[in-house]
Amino acid sequence: MSQFWKPGTERAEGRVVDDEEGGVLFLCGSRYGHASIEKQRQRLPVFKYRTAILYLVETHATTVIVGETGSGKTTQIPQYLNEAGWAAGGRLIACTQPRRLAVQAVASRVAQEMGVQLGEQVGYTIRFEDVTNPDVTVLKFLTDGVLLREMMDDPLLTKYSVIMVDEAHERSISTDILLGLLKKIQRRRPELRLIISSATIEAKSMSNFFCMRKKRQEPENKEHGLQVEPAILSVEGRGFNVQINYAEEPVQDYVQAAVSTVLLIHEREPAGDILVFLTGQDDIDAAVQLLNDEIQNTGKHSSGLIVLPLYSGLPRAEQELVFSPAPRGKRKVVISTNIAETSLTLEGIVYVVDSGFSKQRFYNPISDIENLVVSPISKASARQRAGRAGRVRPGKCYRLYTEEYFLNHMSNEGIPEIQRSNMVSCVIQLKALGIDNILGFDWPASPSAEAMIRALEVLYSLGVLDDDARLTSPTGFQVAEIPLDPMVSKMIIASSQLGCSEEIITIAAVLSVQSIWISGRGIQKESDEAKLRFAAAEGDHITFLNVYKGFHQSGKSSQWCHKNYVNYHAMRKVVEVREQLKRIAKRIGLVLKSGENDMQVVRIAVTAGFFANACHLEAYSHNGMYKTLRGSQEVYIHPSSVLFRVNPKWVIYNSLVSTDRQYIRNVITIDPSWLLEAAPHFYQLQQSNHLLR
DNA sequence: GAGCACTGC
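Residue 552 in the UniProt record's numbering sits at position 552 of the first sequence, with consecutive numbering throughout.
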């Protein structure tokens, strides 16, 4: 192994908190810390940890907490705050997480530690689930997205006295919006305490973001006698040391290199499971195949390996396999996407193999296309991946890249999601919160001007924003209330006027889940045939209505789904989303009505939201080439669509995926005259001549 | 005749 692998030099890479910075309280060092920090650090007993946190919260408007897995910050800090009386006077302490499962897990653990019933003093709120009691709940755990929704009714979050934002370093869109808004709220509510929990490497930039003093236009905070500079507090976790090994030479083929590394670990290292990080299904299937071939060919050499793939698209039952412990004398190898980096935690992992890559979404505001691209990960991600090896005992991490690359070429943080995404939903959310100057909003990381302008254009064309970029009434406010892409929301509002909202809400719910079909190798033929049973000549949206109707008539039966190659879990989610959408529709004054069997009116409602995605079949095109009306891009109907090879003259699509060709997915036929009715301002006279030609 | 990193309201 020494021929290939070189141990890391274990320096204090990226460590940003230091006692020389002043105002930094060291509770203890980091396991990555170097010798000088080790010497100076003090190990304080737990009661001082509590005292320190309370002191910081009493004296600092914002406190940035850094710490490692198992440091207890997520569960203990809320309890300390509660004991210190921050929840007195009917005020609440809120703690956000980016994921639903984490919210549930943390809330139930805190309730258990406090010896109270979940949903009483300690509760949680996630989409579709509110386990709180307004009269007695003092500690409330929630997803950051839910807190953002709450701000639409209560922009200053007046019922909370402390807000803790956990996992802020992950920089999800919701977290970034929330951080920007919290900074703004703090000017109006100087008594509000913020606790930002972040990975060490991000602590300094979080602290800088919340530092009021830097902005000259904010001198009034001194009047409140608060220290305006955020404090940074570091806590130690219970994680074990992970020895980092780097490739000696740059790796040409990371799938092959990952496979070789797994075999070497298996041959030379003591018992313990292996977790391999690759980028996606293709890589993973290839690696699984290579490993299994190796096991067959070499017999004894690699026996005792159990190879398991893991990615979110895998059927539920196969995903469950990775959680069961390996039988005695066997070693489990889990080959995974990023899902195992944050969303799932596997026990028993001692060795991590890190390819250094992941798939990331990138949005191009000029072409308005989102792409999935294999990209290098950040140091923060690399460290998170390595940490997965140290949960049960000291572990080892094998990085399939050189140390020189890690130190000198890998970026610290990675590009925040907000700079890689379409801004349409984000802009309408800020507008609804009364942020007028969208382009001047103080973000932790600013989205590109092009993306913001494109979003404003789209919202204007939908009639959601007026000439002064303010929300229109009622459409703009209604669209903002619906937790979906604004084009889908607009379609729902139109359906209320057209008298087919029951059908359109079903379509909106289906479009909001990944796929309602079961797919997989070996069942393509059967599932295609099953799909034909529901296929509608009008296109995919109407096909979805047929599936939902069948599911509903079966009594929402899982057997029915199984028989028809329909994904039962997805359909359950459709039902849940549909119910939520109906509640919201009623609240904002929409009419719930079925169009009965009139599918034309349903297609007109779809056009009202998605007119910008109209395409027409190229004349004399023999291979089904379409061109988009806006932009004249060449696109093709995706083979998964019921309209594939049918090639009607005029269609509208829901989404565009870009691979070797541009494919349009979820496609429906339209009459071009509807475009002019839906958006006369969008399709000007010139285009209308073209349309009628 | 293809292809789906991962969340979330």
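Accuracy of the hints is not assured; some may be wrong.
[What the hints assert, rightly or not] Label-pair restraints from in silico Cβ distances:
{"no.": "1", "residue 1": "562", "residue 2": "625", "range": "17 to 27 Å"}
{"no.": "2", "residue 1": "267", "residue 2": "154", "range": "51 to 61 Å"}
{"no.": "3", "residue 1": "327", "residue 2": "634", "range": "25 to 35 Å"}
{"no.": "4", "residue 1": "562", "residue 2": "84", "range": "24 to 34 Å"}
[Said to hold, decoys possible] With a straight-line Cα cutoff of 25 Å, these simulated BS3-like cross-link-like pairs (lysine-lysine) come out:
{"no.": "5", "residue 1": "184", "residue 2": "204"}
{"no.": "6", "residue 1": "563", "residue 2": "573"}
{"no.": "7", "residue 1": "330", "residue 2": "204"}
{"no.": "8", "residue 1": "556", "residue 2": "573"}
{"no.": "9", "residue 1": "549", "residue 2": "531"}
{"no.": "10", "residue 1": "359", "residue 2": "330"}
{"no.": "11", "residue 1": "582", "residue 2": "563"}
{"no.": "12", "residue 1": "549", "residue 2": "573"}
{"no.": "13", "residue 1": "184", "residue 2": "159"}
{"no.": "14", "residue 1": "586", "residue 2": "627"}
{"no.": "15", "residue 1": "556", "residue 2": "582"}
{"no.": "16", "residue 1": "525", "residue 2": "582"}
No lab work stands behind these hints: they were computed from the structure. The beta-carbon is built from N, C-alpha and C at its ideal position, and this holds for glycine as well.
Right, here's what the structure says about each hint:
Evaluation of the 17 to 27 Å hint for residue 562 and residue 625 yields a failure: the beta carbon distance comes to about 38 Å. Taking the beta carbon of each, residue 267 and residue 154 are about 60 Å apart, inside 51 to 61 Å as hinted. Distance hint check: the CB atoms of residue 327 and residue 634 are about 53 Å apart, inconsistent with the given range 25 to 35 Å. The beta-carbon spacing between residue 562 and residue 84, approximately 54 Å, falls outside the hinted interval of 24 to 34 Å.
Simply put, residue 184 and residue 204 have alpha-carbon atoms about 19 Å apart, close enough for the 25 Å limit, and the pair holds. For the suggested pair residue 563 and residue 573, the alpha carbons sit about 19 Å apart, so the restraint of at most 25 Å is met. Using a Cα cut-off of 25 Å, the hinted pair residue 330 and residue 204 is violated, with the two alpha carbons roughly 44 Å apart. For the given pair, residue 556 sits about 12 Å from residue 573 by alpha-carbon distance, which is consistent with the 25 Å threshold.
This hinted pair checks out: residue 549 and residue 531 have alpha carbons roughly 14 Å apart, not beyond 25 Å. Annotation: proposed proximity of residue 359 to residue 330 is violated, straight-line Cα distance about 31 Å (limit 25 Å). Between residue 582 and residue 563 the alpha-carbon distance is near 29 Å, which puts this suggested pair outside the 25 Å criterion. About 15 Å separates the Cα atoms of residue 549 and residue 573, which keeps this hinted pair within 25 Å; it holds.
For the suggested pair residue 184 and residue 159, the alpha carbons sit about 17 Å apart, so the restraint of at most 25 Å is met. At roughly 38 Å between alpha-carbon atoms, residue 586 and residue 627 are farther apart than 25 Å, so this suggested pair is violated. Between the alpha carbons of residue 556 and residue 582 the distance comes to roughly 18 Å, so the proposed pair stays at or under 25 Å and holds. Distance check on the hinted pair: residue 525 and residue 582 sit about 36 Å apart at the alpha-carbon level, beyond 25 Å; violated.
Checked against the numbered hints given earlier, this structure breaks hints 1, 3, 4, 7, 10, 11, 14, 16; the rest are met.
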